[in-house]
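Protein chains in written order, with our numbering: chain A, 31 to 333; chain B, 31 to 333.
For the record, the hints were derived by calculation from the structure and aren't laboratory data. The reader is advised that the hints may include incorrect statements.
Stated by the list, open to error - Here chain B is said to cover these stretches of chain A; the calculated rule only asks that three of the stretch's residues, wherever they fall, bring their Cβ under 8 angstroms from a Cβ of chain B:
hint	segment
1	171-183
2	186-196
3	268-281
4	306-316
Claimed, not checked - Residues on chain B that point at chain A, a partial pick, calculated with CB under 8 angstroms:
hint	residue
5	189
6	192
7	194
8	196
9	198
10	274
11	286
12	288
13	290
14	294
15	295
In this text, all values refer to a predicted model and were calculated from it rather than measured experimentally. Even glycine gets a Cβ: it sits at the ideal position worked out from N, Cα and C.
Number of protein chains: 2
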Amino acid sequence: MSHRIGIDLGGSKIALGLVSPADEILARRRIDTNAAAGLERVVKRIADEVEALAATLTSEEAVAAVGVGAPGPLDHIKGELLTLVNLPGISNSPFRRVLSERLALPVALDHDAKVAALGEFHFGAGRGRDSMIYIVIGTGVGAAIIYQGALFYGEGNSAGECGHMTVDPRGRPCHCGSRGCLEAYTGGPALSRQYAEMTGDDITGADIAARARSGDERALQVFIDAGRALGIAIASLAMTLNIETFVIGGSVAKAGDLLLEPAHETLPGYAFRAVSERVRVVASRLGEDAPILGAAHMAKRLL
Amino acid sequence: MSHRIGIDLGGSKIALGLVSPADEILARRRIDTNAAAGLERVVKRIADEVEALAATLTSEEAVAAVGVGAPGPLDHIKGELLTLVNLPGISNSPFRRVLSERLALPVALDHDAKVAALGEFHFGAGRGRDSMIYIVIGTGVGAAIIYQGALFYGEGNSAGECGHMTVDPRGRPCHCGSRGCLEAYTGGPALSRQYAEMTGDDITGADIAARARSGDERALQVFIDAGRALGIAIASLAMTLNIETFVIGGSVAKAGDLLLEPAHETLPGYAFRAVSERVRVVASRLGEDAPILGAAHMAKRLL
């Protein structure tokens, strides 16, 4: 087993990690994405960072493969980025081929939530489990399903849009055009909107969490409502898929028990007892290392 | 490929079919289940019917394997029936081993919804598809998920309890103790209860369907509400799993478009357009033949 590099390609930042044969991150780099500069430029800057990481190895060691997690939609089989709303400069591109040719290394590419899920599954909060659902809650809400060790893609490669599961058909309007989507209760902007409606203060989810911890009842209520919506969605997923481990990542998950406790408390009301008793809802353990370790894990199949 | 026998073991009836190497049902038998008589007696009566069916074959032909669909919970790997509320006489029994020894034939056993789903997937409404979700709506509501040709079991073998997905968290109480479960809107007893609340008439789902077809507005409304709940559940399943073919079976599905049209109409309001445009919700094509053909198909792996 050789060294690999795991890359988390985000809308604003690109994080890279040099990962050892023992799946430890030996060194990290972080640069601005600056996608507007276009594909060739972004790939060149990634390649510069990969080379800087590789240069830290001894002469007997080498980087053998690279894994990349990127925002969707993308085609993980063809290695192409599709129409990325937040990354127009590199949208609709054969990203994997261009990066692989530039590096002269094999490259694996998959959706960021799936890659982070692989990290948590193999090295973090899902370690030792057979199956797991990773729910990433940030600006948007998405998920990746791992069943019997393998990612679940669906027929058109878009499985995991659980942010738009309906948790209340007459509930809050969602920016997607529907009503009562999970994302309309748990996404960062949804938290800010609800708190602003209650108080007039337009602050971030992290600030609402800080106020909740200081005893602000309305801030607490925002997380209770969000956690309740999350619990309802998890109950339906657990009943339908009989998967027991739910790992919650993304920026909103940093609220920890403010979000997870009401989710746990809601579960028994919306699932069979035999099911809810076995479900564990836990916070991501690896945080920002999850996509790096997951991408490097994914790259193992190229070796 | 040899002849097989497919068996649909139900709460009140046992239906058996002799299935040809070309997957055609050549002959059928039907007996009362009479589970209260106990395991040995039920198995003996099934064996008598199997032998009667086998006796219709020529001397060059033979039955090579048997497949059985039965109510859950059951353990398809060990071949055991677990605690079956409606079949106490044969609950908690090594059903597959006992039947196999009695017949001197290999026997496969799985959950009735999964077996019917296999029938529709290979020979009915899901033929030619990669993946499919079969939702059976009768007294209860359950589902079987087929992904890339294989049944999805979940970690504890209980995937598919989509009758207890939440379609409205403040909705109708369900007998399971939760609120707003899909089953509380679409199950046969739920249809009767809603119609009785509206009219005072306590009639079956089939009778409500007949009244709806005669223009009874309140009967129509019962199916509109049921179809709407079904559409919300299907939208969430389609967003989460990216599976596009939904086949609806069970006695309530006999209402056909009374149920399926409002389901279809509800979908776009609760799923991305790119998803709802690709989803097909269709009625079971094989009806009561689905479990027989599915059970016989399942038995192929024993040959």
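Hint check against the structure, violated hint numbers in rising order = Hints 4, 11, 12, 13, 14 and 15 are the ones this structure does not satisfy, whereas the remaining hints hold.
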